[in-house]
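Build the full structure now, drawing on both the sequences and the hints.
Residue numbers (the working numbering), protein chains in the order written: chain Y, 41 to 163; chain H, 168 to 437.
Among these hints, one or two may not hold up.
[What the hints assert, rightly or not] Covered stretches of chain H, as calculated for chain Y (at least 3 residues, CB under 8 Å):
(1) 183 to 193
(2) 218 to 227
(3) 249 to 261
(4) 379 to 389
Simulated from the structure, these hints should not be mistaken for lab results. All values reported here derive from a predicted model rather than from experimental measurement. Note that beta-carbon positions come from the ideal geometry of N, C-alpha and C, so glycine has one too.
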Amino acid sequence: MMLSESAVDRHIVERWISWTLRIGVWGSATLMALGLVLAWFSSGTLRLPSENPRPADVLHSLLSGSLDPVMLMFAGLLFLMLTPFLRVLTAAVGFAAEKDRTFVIVALVVFAMLLAELVFSLQ
Amino acid sequence: MSVDSFFLLIGGGVVTGTLGAMLGLGGGVFLTPFLVLVFNLPMHQAIATSILAVIATSSAGAAMNVERRIVNLRLGMTLEVATVIGAIFGGLTANVLSGEVLSRAFAVLLLCVSFMMLWRMKHSRGISTPIEAGAFPASFKDEAAGEVVSYSVARVPWVMGVSLIAGNISGLLGVGGGIFKVPAMNLISGMPLKAATATSNFMIGVTAAASAFIYFAHGHLNPLIASPAVLGVLMGSFLGVRINRRIKGASLTWIFAAVLFVISLKMFWR
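Put into structure tokens, the structure is as follows:
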């Protein structure tokens with residue numbers, strides 16, 4: 041049975057949000073689990089860096105193919121922390137696709153507050 | 168830190184995540200006392216870890232509930248404006264308070280939660296008459312009842328006020344705050360309990376993220392502690408939802424309300 045175009049598009053935002061959350065949870069869990077497994081195989085004790093690395097350092101470590109267990113765990117945690125940000129941004133885009141201007145604005149207000157907190161915290 | 172400690176953290180996460188999901192309290196209520204009382208973790212680090220666990224369990228649950236359309240998406244996004252403001256101030260406040268003050272505040276919260284559990288048990292069916300002339304009209308299919316439930320939401324500013332307080336508690340103490348939001352959405356706004364629970368859980372991830380980077384920036388997030396604990400809580404939450412479908416009863420609620428009461432006393436006088 042063919043669905044009408046409006047029926048197909050009506051719940052686009054729900055599907056996008058659901059997939060964003062799934063990718064965020066399972067992506068971050070995979071990174072953390074990989075870090076834990078590598079930590080398990082590395083003998084002895086694990087030491088933390090003297091201070092938390094900057095998110096850019098974690099990303100650089102990840103992209104350079106480094107399999108440092110602590111950096112992988114940090115990457116998983118940061119990905120998890122950023123998942124709600126991506127969820128709100130996805131909602132804004134989804135509402136825009138549904139032409140619901142009011143909730144595009146609401147989503148962008150929430151995103152702006154989250155972003156302000158992120159920037160303020162990392163300064 | 169020894170690698171063997173990971174097993175204790177994963178195990179603790181599984182147990183606290185299972186209990187949180189079984190009792191509808193989320194992972195943070197049991198995880199923070201476990202980390203503080205069993206693992207001797209400083210209060211700020213325990214809260215930061217709990218916030219991460221809350222993001223994980225909320226996101227995993229919301230992914231299913233959004234797809235099933237049980238979440239009132241537009242109401243949730245609107246209330247997030249209030250919860251995010253509350254959480255940011257909660258996170259900032261927590262980082263100027265001492266661990267001892269936070270520990271005592273958490274003890275008071277646990278006391279409130281144990282009373283709320285008993286109160287909720289007596290009002291477990293919630294209100295059943297849908298409000299027709301409210302805002303954010305929505306409907307969802309109640310699979311247990313086999314019917315489509317339509318409703319709308321009354322007195323939104325009141326629920327925004329409760330959401331602001333719940334967000335503040337979340338940022339301050341690392342819990343989801345659903346125990347306060349769900350009754351408010353049901354009793355004040357007339358939302359069906361299933362929709363209220365799913366919508367509250369949907370908001371919790373964003374609320375927790377609003378304070379997560381504040382704790383991260385203050386160096387309270389230890390990946391060697393948080394990673395195994397979060398993975399454990401995530402596994403436990405899936406397990407808890409499955410067990411919750413089989414075990415329901417007043418005796419269980421009474422037992423865990425008493426357990427929370429004892430933990431509350433330990434957190435207060437530790």
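Right, here's what the structure says about each hint:
1. 183 to 193: With 0 residues closer than 8 Å to chain Y, the segment 183 to 193 of chain H misses the three-residue bar; violated.
2. 218 to 227: Since three or more residues must qualify, the claim that chain Y covers the segment 218 to 227 of chain H holds, with 5 doing so at under 8 Å.
3. 249 to 261: Answer holds; 4 residues pass the 8 Å Cβ test.
4. 379 to 389: Since 8 is at least three, the answer is holds.
In summary, the structure is inconsistent with hint 1 from the numbered list given earlier, while agreeing with all the others.
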